[in-house]
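Chemist: Sequence:
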Amino acid sequence: MVDPPSTPARSRPGVVTISSYLLILFAVLQLIGLIITLSTIGTIRDVLRDAYASTDPDAADAVGGITYAVGIGGAIFALLIAVGLVVLALLNNRGKNGSRITTWVLGGIMICCTGGNLASGAAGGFTGGAAGVSSGNAPSPDEIQRQLDAALPGWFTPLSTALSLLGVLALLAALILLALPKANEFFRKPQPAWEPPVPGAAYPGYPQGPGQPGYPSSGDPGYPPTPGQPPAGQPPVPGQPGDQAPPSDRPGPTPPPMS
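Count along the sequence shown from 1, then add 86; that gives the number in our numbering.
I should point out that these hints are in silico values taken from the structure, not numbers from a laboratory. Note that CB positions come from ideal geometry on N, CA and C, so glycine has one too. Among the hints, a few may not be true.
[What the hints assert, rightly or not] Across the chosen pairs, the derived CB separations fall in these ranges: (1) Lys275 / Val114: 30 to 40 Å; (2) Val191 / Ile162: 13 to 23 Å; (3) Gly184 / Ser140: 51 to 61 Å; (4) Asn270 / Val114: 22 to 32 Å; (5) Asp147 / Leu177: 38 to 48 Å; (6) Ala139 / Val173: 15 to 25 Å; (7) Asp235 / Pro143: 20 to 30 Å; (8) Lys268 / Ala139: 14 to 24 Å; (9) Arg274 / Gly202: 29 to 39 Å; (10) Ala259 / Glu229: 18 to 28 Å; (11) Leu245 / Arg274: 39 to 49 Å; (12) Gly100 / Asp235: 39 to 49 Å.
Please construct the entire structure, taking both the sequences and the accompanying hints into account.
Modeler: Below, the structure written as structure tokens:
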């Protein structure tokens with residue numbers, strides 16, 4: 087019996103492995119960013135509340151609360167996306183094309199979000215959750231940024247910027263590696279390999295004829311005898327066609343009568 091066609095084993099190219107490591111690195115960076123956010127979001131809320139209390143007391147509490155909620159919610163959302171990318175990285179290592187497409191979608195969203203935060207920080211303005219809450223008496227963004235720089239640790243801004251920039255670069259490189267030709271071959275659905283039949287084996291679904299390899303011949307025990315022939319291992323039955331008696335048992339010539 088010939089074995090069914092088998093699927094050839096695929097070896098994972100290095101570009102897919104490196105891409106998975108970069109996705110895991112991005113998740114680690116997001117975890118560090120969440121820790122930094124949790125350690126400083128209270129200070130940012132207090133600074134915004136004090137800044138608005140002197141110019142717009144009615145909006146001070148609302149701005150502080152919205153900024154706190156937006157900061158925590160954004161950090162948790164980014165971490166969940168990062169965990170999802172780690173799961174996708176493990177599936178990518180197994181050659182799942184659906185996970186690769188999902189990685190491109192989630193990775194593109196995270197690049198846009200993180201890149202937008204970097205652009206906002208480079209512009210030098212911090213609005214937090216104040217947009218649409220404060221009135222025309224709100225403090226200027228420059229004044230808010232000056233108070234934040236005075237209240238936050240000196241490492242906060244450089245470290246946050248470095249983490250965001252490194253995360254964007256790692257994620258962008260991971261998405262590019264998944265689009266290279268070697269990765270395309272790995273994620274393409276493999277075709278079953280054809281294996282020639284083994285000499286002497288029966289083709290599946292077709293019996294072999296008498297005397298062919300794998301089947302007993304007519305003289306083998308257990309195989310039905312040919313019509314007119316005795317079974318294997320038994321003496322011929324007298325009277326059968328083609329049978330001859332032994333020479334000693336044959337009758338001789340009839341002698342002439344005695345006179």
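Chemist: Each hint should be assessed against the structure and marked as holding or not.
Modeler: Each hint, compared with the structure:
{"no.": "1", "hint": "Lys275 / Val114: 30 to 40 Å", "verdict": "holds (32 Å)"}
{"no.": "2", "hint": "Val191 / Ile162: 13 to 23 Å", "verdict": "holds (20 Å)"}
{"no.": "3", "hint": "Gly184 / Ser140: 51 to 61 Å", "verdict": "holds (54 Å)"}
{"no.": "4", "hint": "Asn270 / Val114: 22 to 32 Å", "verdict": "holds (28 Å)"}
{"no.": "5", "hint": "Asp147 / Leu177: 38 to 48 Å", "verdict": "holds (45 Å)"}
{"no.": "6", "hint": "Ala139 / Val173: 15 to 25 Å", "verdict": "violated (45 Å)"}
{"no.": "7", "hint": "Asp235 / Pro143: 20 to 30 Å", "verdict": "holds (24 Å)"}
{"no.": "8", "hint": "Lys268 / Ala139: 14 to 24 Å", "verdict": "violated (59 Å)"}
{"no.": "9", "hint": "Arg274 / Gly202: 29 to 39 Å", "verdict": "holds (35 Å)"}
{"no.": "10", "hint": "Ala259 / Glu229: 18 to 28 Å", "verdict": "violated (39 Å)"}
{"no.": "11", "hint": "Leu245 / Arg274: 39 to 49 Å", "verdict": "holds (42 Å)"}
{"no.": "12", "hint": "Gly100 / Asp235: 39 to 49 Å", "verdict": "holds (44 Å)"}
Going down the numbered hints, you'll see the structure goes against 6, 8, 10, while the others check out.
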